[in-house]
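Just need the whole structure built from these sequences, with the hints factored in.
Below are the chains, spelled out letter by letter.
Number of protein chains: 2
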Amino acid sequence: MNYCTHCGHLLNYEIPHGDDRPRHVCPSCGMIHYQNPKMVVGCIAESENRILLCRRSIDPAYGRWTIPAGYLENRETVEAGARREAREEARANLGELVPYRLFTIPHISQMYLIFRAKLLDDHFSAGEESLETRLFGQNEIPWDELAFRVVFASLKDFIRDREAGAFSFDIKEIPPEDGSSQPGSPDKISR
Amino acid sequence: MNYCTHCGHLLNYEIPHGDDRPRHVCPSCGMIHYQNPKMVVGCIAESENRILLCRRSIDPAYGRWTIPAGYLENRETVEAGARREAREEARANLGELVPYRLFTIPHISQMYLIFRAKLLDDHFSAGEESLETRLFGQNEIPWDELAFRVVFASLKDFIRDREAGAFSFDIKEIPPEDGSSQPGSPDKISR
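Those sequence lines, one after another, are chains A and B.
Residue 145 in my numbering is what sits at position 145 of the first sequence, and the numbering runs on without skipping anything.
Residue 59 in my numbering is what sits at position 59 of the second sequence, and the numbering runs on without skipping anything.
Some hints could be false.
Any copy, or any two copies together, can satisfy a pair, since identical chains are not distinguished.
[Unchecked claim] Each computed DSSO-like pair below joins lysine-lysine, with the alpha-carbon atoms no more than 27 Å apart: (1) K172 / K118; (2) K118 / K156; (3) K172 / K38.
Note that these hints are calculated values from the structure, not bench results.
Below, the structure is given as structure tokens:
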């Protein structure tokens with residue numbers, strides 16, 4: 001961030017008066033450019049115990065499998081965002097959305113809100129950001145080909161909870177990677 | 001948003017190729033300036049069934065009562081953000097944080113994540129953004145002097161659930177105001 005969005009002046013990076021951390025501040029018009037974490041909304045969608053996954057047609061993680069998810073838009077509820085992403089990425093229609101996980105991922109300043117839902121029908125297909133869409137049975141999940149660690153964590157929790165027959169909402173943190181080779185290593189998602 | 005943060009050029013407002021809604025796009029360097037909802041994190045903090053509220057020393061809603069809450073910062077977990085806000089606004093230390101409500105507020109592009117917690121001790125006092133801090137018994141809540149509708153909704157739900165002896169996480173929407181006089185009418189919070 002170099003220039004002020006309001007007046008076009010070059011920005012300083014400094015601690016504003018009364019604040020406790022550096023921000024991008026305009027020395028000309030005084031505007032402070034706050035930057036805050038972004039929310040991704042998505043869904044684990046089931047049809048007869050099989051889970052809908054999408055194979056990504058875009059970077060990062062081109063060719064890897066993910067649940068339908070993407071950035072929440074301004075003026076959108078979290079539920080509307082999750083439904084929109086399911087339509088955009090998988091042309092899928094979701095039933096009732098049940099809150100399942102909130103992942104807080106501080107090292108990339110993101111949150112992932114994951115719902116559970118049933119597919120309303122079996123009419124789904126690849127949207128523009130997907131190469132293909134498919135339902136996976138519990139023993140078919142492509143664990144080594146998942147797009148992101150948060151997808152891996154969501155599906156692991158979901159399958160464990162489904163086997164136990166007990167779902168509950170929880171907040172979990174995805175810490176920075178330690179450098180070892182974990183499945184679905186790319187942290188960032190594109191829009 | 002007038003100027004590109006990357007190169008300082010005047011921005012266009014147009015639908016980027018492959019997108020479905022207008023964004024601020026730089027015709028010189030091509031940068032797309034996405035804007036997304038912001039997350040506020042806060043806490044309903046109790047001490048022996050009394051609830052900690054802060055009277056705001058800043059606009060909007062100067063002089064009105066709120067729970068400790070504020071914008072989540074980059075590189076911060078949601079729990080760390082809620083603890084930081086309790087320290088900053090009420091010099092208060094929280095025990096275990098239990099997820100309680102996520103309010104989605106599309107007309108101001110905000111979300112509020114509210115935790116429940118016990119105060120670790122009775123050492124609390126007004127921080128820089130508060131005129132005073134106080135514990136309120138159930139029949140003392142200043143309903144007509146609350147800062148925001150989301151605070152009103154959080155406390156109403158909390159007191160009802162506490163009386164019923166059953167808390168559970170839920171996602172709720174705060175719709176736009178209909179113009180009638182509801183307590184705590186200002187929607188926006190300042191930083």
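We went through each hint and held it up to the structure:
Taking CA atoms no more than 27 Å apart as the test, K172 paired with K118 passes in both settings, with 23 Å inside one copy and 20 Å between copies. Taking identical chains as interchangeable, the C-alpha atoms of K118 and K156 lie at most 27 Å apart only when both belong to the same chain, with a minimum of 18 Å there against 31 Å between chains. When the C-alpha separation of K172 and K38 is checked against a cutoff of 27 Å, the pair qualifies both within a copy, at 16 Å, and between copies, at 19 Å.
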